[in-house]
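Engineer: One-letter residues, chain by chain:
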Amino acid sequence: MILTALLLVIAQNPAQDPRYERLDPETRARVVAIVDSARLAGLPSEPLIHRALEGALKNAGRERIVIAVHRLAADLGTARDALGTKATPPELEAGVAALRAGATPAVLTRIRDVRRPPVTMALAVLADLVASGVPADSAAAALLVLAPTARDADLVEFRHAVERDIALGAPPAAATSVQLDAASVKVDANARNARPGKP
Amino acid sequence: MFERQDEEDVVERVIRELRQPVSIDRALDARVMSEIARPETGLVARRPLARAWPWLAAAAVLAAVALARPWSRGPRPDAFQFVLVAPQAASVALVGDFNDWDPARAPMHAARGGVWATMIPLAPGRYRYAFLVNGVEWRADPGAPTARDDDFGTPSSVVTVGGHGT
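Chains as they are written, first to last, in my numbering: chain P, 1 to 199; chain A, 1001 to 1166.
No wet-lab data here; the hints were simulated from the structure.
Think of the CB as a built atom: it goes at the ideal place given N, C-alpha and C, for glycine as much as any other residue.
Among these hints, one or two may not hold up.
Which stretches of chain A does chain P cover? Using the computed rule of at least three CB atoms under 8 Å from a CB of chain P, they are [said to hold, decoys possible]:
| no. | region |
| --- | --- |
| 1 | 1082-1095 |
| 2 | 1099-1106 |
| 3 | 1136-1148 |
Here chain A is said to cover these stretches of chain P; the calculated rule only asks that three of the stretch's residues, wherever they fall, bring their Cβ under 8 Å from a Cβ of chain A [stated by the list, open to error]:
| no. | region |
| --- | --- |
| 4 | 51-61 |
| 5 | 85-97 |
| 6 | 123-130 |
Chain P extracted, bound-state conformation (with noise of 0.2 Å):
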């Protein structure tokens, strides 16, 4: 009853969320206003609030605690615009991330078109094959194979393969057309068992 109570109070003054107590009062009432107009666009409010948290544990400054809320929402809104009005907070912060990574909206759009949702992973993994040094292109290129019929499972374990042939000295851009090829093999003979992609 009482968190029922608590969590009805903070669904109708979001500013009363207890965590922001953390921030400074400046940086709480200027991430509160990002935060609402991102409410009322219809984007994930809880996305914004982890970041301002984050800033202050790492005792970030106010301007740059803002300046990451902001750009964060801005962000989500144009992966929103990508992955459409029904994708779910968890896809957008995927989202989110593959931009930053260097995809372009019409990756992102192109993959939600090919992959039975959640596309979560598809564009986390697009995302960290660019953090391990694999070119954006060659990133996007790959998923945009393997997404239609691979699993998440079989997502994951691509990006191992890539990221162990780089370990052991393989150029990102060589390592994953090769575990491309070999992904693709073991894709298409799962995929003739299940097919959890679509069409």
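Once you have looked at the hints, place chain A on chain P.
Structural biologist: The following block gives chain A in isolation, referenced to the frame of chain P:
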């Protein structure tokens, strides 16, 4: 034996008698009704129960739904283990999107050989996190992808929990 005429007379008399309205004592009627109305007889006591059974059934259904809480059944969280080797550390906390970046919510436990570990449930999603060593030093997870979108100049890692086929 009666003659036919006598027989007809008798039948006629019996029919007339039977057609007489039966008069019931009004006091008796009142006594019977008051007896029916008494709760101890059970005749009236059963009526509220009979009327209430649809409500009781509805309450039972509501209770069952409340216990089952189908609305709270989101994706089932999987338990993930986080490990950091830090032999010199006095304390290590795991902080990230999954615990509101609150060090108090995920202290890690030291095992033999300076291995710090903790296990937490994660629902599908993508989470940024880092290890906070001795309350001041930030470390990324060497066994996980690095978060490139770090806005605060300290290392962070990401963990992604998939939604299908993981």
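Engineer: Using a Cβ cutoff of 8 Å, are there at least 3 residues of the region 85-97 of chain P near chain A, or does the coverage claim fail?
Structural biologist: Holds: 6 residues of the region 85-97 of chain P have a Cβ under 8 Å from chain A.
Engineer: In terms of beta carbon proximity below 8 Å, does the region 1136-1148 of chain A have 3 or more residues touching chain P?
Structural biologist: holds (count 5)
Engineer: Taking 8 Å as the Cβ threshold, is the statement that the region 51-61 of chain P is covered by chain A upheld or broken by the three-residue rule?
Structural biologist: With 8 residues in contact (Cβ-Cβ under 8 Å with chain A), the coverage given for the region 51-61 of chain P holds.
Engineer: How does the region 123-130 of chain P fare against chain A when you require at least three residues with a CB closer than 8 Å, holds or violated?
Structural biologist: holds (count 5)
Engineer: For the region 1099-1106 of chain A, does the count of residues with a C-beta closer than 8 Å to a C-beta of chain P reach 3?
Structural biologist: holds (count 4)
Engineer: Under a C-beta cut-off of less than 8 Å, do 3 or more residues of the region 1082-1095 of chain A approach chain P closely enough to confirm the stated coverage?
Structural biologist: Violated: only 1 residues of the region 1082-1095 of chain A have a Cβ under 8 Å from chain P.
In this structure, only the earlier hint numbered 1 is contradicted, and the remaining ones agree with it.
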